[in-house]
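Colleague: Required output: the full structure, derived from the provided sequences and hints.
Here are the chains, one letter per residue:
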Amino acid sequence: MKPAPIPADETDRLQALRDLMLLDTSPEERYDRLARFAAEQLDVPIALLTLVDGQRQWFKSRVGLDVAETARDISFCGHAIMNSEILVIEDASSDARFSDNPLVAGEPHIRFYAGAPLSAPSGHRIGTLCVVDTVPRKLGAIELSILDALRCLANETLAGKEGGE
Amino acid sequence: MSAPLPRMLLTQAQFVLRRTVVMVARDLGLVDFDEASNVGRARQLLSAGAYAGLVLDLQDRSLAMELLSDLRQGKFACPADIPVVVLAADLHPEDCSRLETLGVARVLRKPVRIRDLFNALELQA
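Chains P and Z supply the protein sequences, listed in that same order. Per our numbering, residue 1 is the first one in the first sequence, and the count goes up by one each step. Per our numbering, residue 1 is the first one in the second sequence, and the count goes up by one each step.
Just so you know, these hints were derived from the structure itself, not from any lab. The beta carbon of each residue, even a glycine, is placed where N, CA and C say it ideally should be. Among the clues, some could well be false.
Unchecked claim - With a cut-off of at most 16 Å between alpha-carbon atoms, the simulated EDC-like pairs for lysine to aspartate or glutamate come out as follows:
| id | chain 1 | residue 1 | chain 2 | residue 2 |
| --- | --- | --- | --- | --- |
| 1 | Z | 110 | P | 43 |
| 2 | P | 138 | P | 91 |
| 3 | P | 138 | P | 90 |
| 4 | P | 2 | P | 100 |
| 5 | Z | 110 | P | 40 |
| 6 | P | 138 | P | 43 |
To be verified - Counterexamples of contact, computed for chain Z against chain P with all Cβ distances above 12 Å:
| id | residue |
| --- | --- |
| 7 | 43 |
| 8 | 65 |
| 9 | 69 |
| 10 | 74 |
| 11 | 75 |
Modeller: Written out as structure tokens, the structure reads:
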């Protein structure tokens, strides 16, 4: 397993994350609706809005997962925040970075992962909107575009610019 | 220089669905949607602009049916026979016959998948 790397801008990134004052806060509908919509549209059992903290990834919103956080070094999202593009792992069991990851070998038995990095208003990548399945998957152009659009809506929400119903 | 995208009107109250449909359609070069969060706003837009299609949520059932009737009578700026796709959580038998009379091309049950909506509009990603 390749542990999640640490970005070069880690100190500033963590400061940007903490400036949002979202860590360990209660669930909020304005974020939960994005995770629910992602799960519904991409037909996956798990959808998360994650924040990558110093030693953990914490879930601001979660659909289909009972735990509130996992260790950062085994997180897929820790890899996803290294680039601005969506990270897609079609079958984690055949990917050397993840095949012996505890989240793949054990609960929740991740096989498919797609994570769109989220940005704080400062531009630092502080987490992801991600979807997970327990079977290998491929995403089509529409589904990738949906995830990208939801990432934009999440970034607007992080910046306090979200719209209402 | 590429041809302009077909312009359609999306009437949908739910913010996340509405915004996502608009962004994905533009991102994939399928449709340039104008968006209305309610039937009243849709009426304003239909009166002012020509559209190649309409996606209409039946949430405000009577207002939506009235808008469809006016559309088919040619009361707006666009052709009376543009394709219409209706989104509905539930449908009564009388709704089905009314929609058929009003020439609705497709009815999609909510929750609606965006892929299914694009298929109903015969858009290929």
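Colleague: For a C-alpha distance cap of 16 Å, please report whether residue 110 of chain Z and residue 40 of chain P respect it.
Modeller: Within the cut-off at roughly 11 Å; holds.
Colleague: Does residue 91 of chain P lie within 16 Å of residue 138 of chain P when you go C-alpha to C-alpha?
Modeller: holds, 9 Å
Colleague: Over 12 Å from every CB of chain P: does residue 75 of chain Z meet that, or does the non-interface label fail?
Modeller: Answer for residue 75 of chain Z: holds, closest chain P Cβ roughly 28 Å.
Colleague: Going straight from one Cα to the other, do residue 110 of chain Z and residue 43 of chain P come out at no more than 16 Å?
Modeller: holds, 15 Å
Colleague: So residue 43 of chain Z supposedly isn't at the interface. Is its beta-carbon more than 12 Å from every beta-carbon in chain P?
Modeller: holds, 20 Å
Colleague: Would you assess whether residue 74 of chain Z, listed as outside the interface, keeps its beta-carbon beyond 12 Å of every beta-carbon in chain P?
Modeller: Non-interface label on residue 74 of chain Z holds, nearest chain P Cβ at 32 Å vs cutoff 12 Å.
Colleague: Quick one, are residue 2 of chain P and residue 100 of chain P close enough, alpha carbons at most 16 Å?
Modeller: Status holds; Cα separation ~9 Å.
Colleague: Quick one, are residue 138 of chain P and residue 43 of chain P close enough, alpha carbons at most 16 Å?
Modeller: holds, 12 Å
Colleague: Beyond 12 Å from chain P, beta-carbon-wise, is residue 65 of chain Z?
Modeller: Holds: least Cβ distance 22 Å, greater than 12 Å.
Colleague: Since residue 69 of chain Z was said not to touch the interface, does its Cβ keep a gap of more than 12 Å from each Cβ of chain P?
Modeller: holds, 26 Å
Colleague: Could you grab the alpha-carbon distance between residue 138 of chain P and residue 90 of chain P and see if it respects the 16 Å cut-off?
Modeller: Within the cut-off at roughly 6 Å; holds.
Checked against the numbered hints above, the structure breaks none of them.
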